[in-house]
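J.: Sequence:
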Amino acid sequence: MHSSDIKTGPFRLASARGQDWKAVAKQCLDGLGEIEGANIGFIYMTDALVEDMESILTLLRGITGIEDWVGSVGIGIIAGADEILAEPAMALMVGHLPASSFHVFRRDARGFVDLSSSGPSVGGWLESHDAMAAIVHADPRDAELPYLVTGTAADTGAFLVGGLSSSRVALKQVANKVWENGLSGVLLDQSAGVGTGLTQACSPISPVRHITECEDNIVMSVDNRPALEVFKSDVAAALSGSEEQIEAHVFAALPVEGSDTADYLVRNILGVDEERGWIAISEEVEEGQPLQFVQRNTYAAMADMENMLRSLKKRVPNPRGAVYFSCLSRGVHMFGPDSAEVRAILDSFPDLPIIGLFANGEINHDRLYSHTGVLLLFT
Numbered sequence: 097m098h099s100s101d102i103k104t105g106p107f108r109l110a111s112a113r114g115q116d117w118k119a120v121a122k123q124c125l126d127g128l129g130e131i132e133g134a135n136i137g138f139i140y141m142t143d144a145l146v147e148d149m150e151s152i153l154t155l156l157r158g159i160t161g162i163e164d165w166v167g168s169v170g171i172g173i174i175a176g177a178d179e180i181l182a183e184p185a186m187a188l189m190v191g192h193l194p195a196s197s198f199h200v201f202r203r204d205a206r207g208f209v210d211l212s213s214s215g216p217s218v219g220g221w222l223e224s225h226d227a228m229a230a231i232v233h234a235d236p237r238d239a240e241l242p243y244l245v246t247g248t249a250a251d252t253g254a255f256l257v258g259g260l261s262s263s264r265v266a267l268k269q270v271a272n273k274v275w276e277n278g279l280s281g282v283l284l285d286q287s288a289g290v291g292t293g294l295t296q297a298c299s300p301i302s303p304v305r306h307i308t309e310c311e312d313n314i315v316m317s318v319d320n321r322p323a324l325e326v327f328k329s330d331v332a333a334a335l336s337g338s339e340e341q342i343e344a345h346v347f348a349a350l351p352v353e354g355s356d357t358a359d360y361l362v363r364n365i366l367g368v369d370e371e372r373g374w375i376a377i378s379e380e381v382e383e384g385q386p387l388q389f390v391q392r393n394t395y396a397a398m399a400d401m402e403n404m405l406r407s408l409k410k411r412v413p414n415p416r417g418a419v420y421f422s423c424l425s426r427g428v429h430m431f432g433p434d435s436a437e438v439r440a441i442l443d444s445f446p447d448l449p450i451i452g453l454f455a456n457g458e459i460n461h462d463r464l465y466s467h468t469g470v471l472l473l474f475t
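Residues 97 to 475, numbered by the working numbering, are exactly what the sequence shown covers, in order.
These aren't lab readings, by the way, just hints derived from the structure by calculation. Note that beta-carbon positions come from the ideal geometry of N, C-alpha and C, so glycine has one too. Among the hints, erroneous ones may be present.
What the hints assert, rightly or not - Distance windows between CB atoms, simulated:
no., residue 1, residue 2, range
1, 309, 345, 23 to 29 Å
2, 309, 353, 43 to 49 Å
3, 425, 119, 18 to 24 Å
4, 442, 396, 17 to 23 Å
5, 358, 311, 36 to 42 Å
6, 130, 236, 33 to 39 Å
7, 329, 287, 48 to 54 Å
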């Protein structure tokens, strides 16, 4: 490959496993090969290496000359055809984007923080660019998380694609520095060239109903009937099995009003009040809001993923690289061993450099999701 090919050709991807962060970093750098012309890097590592994240980032910036890096820690990461969980590992992907087409940033409760290695502030960049998309990572512990997601989407005009960091130890993100808390990532304008897709892991087992009485996250009545009565009726009509099986596979879903793809937000059922007939879910709700019940289903999940990939293939037939965020409940837990989930993507896009994260929750457009997969392709 000629050194200039990276400016128009595929992104470069490399990964390595091992406890010694210096050895892992060296293997990744060797695996990237010739990267002259690359000006953006993505980094994901499992939590066994997270304590050395700052040292790793300093090394990568010094050796590659790439100043702008974004990424996150994950309990599991995606590196090409491999889903890597429960072992120390790191993946890198580097590529070239038009010089002014992207802007690294961070946002916390106080507002935007400028992180780009050079050039204008976030506000200055937004004044001269129409943000089309943003790849983002966020801390699931942040009390301001819902606002950070909706506010970033509203203030930038960008379609957000990303995930919540996952870790059994420190929850760290990379955005030119190493951070905890808040949300960070990279804004992309139209010249960066991207396509995005969302895939669900559940299928509806009830019609769309409406909440008729509620308080905070407590659903008291649905369609003017006790919420628990409606839930039991809908589940009994669709499923058989023990109470434990139903608890593990049935969720509440909040349809996204105005969606032309019948999109919905899956939320856990936290508990029930048998005496009063109430249900508690993991989201605050409002009277009149649509609600249905869904089942986590491997076959439906794979069919939905194939539909997403067919749609993306029409829009982005020959992508140069990809970033994929999958819920921790997916991957091996849903699709089985041998990296079946990411290999389904590669069946549609052979030889695609793809990197990503098994997340504590997913971000798509201006909302927080769960049990989904969110894919971004670079054209």
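J.: Which of the stated hints cannot be reconciled with the structure, identified by number in ascending sequence?
T.: 2, 3, 5
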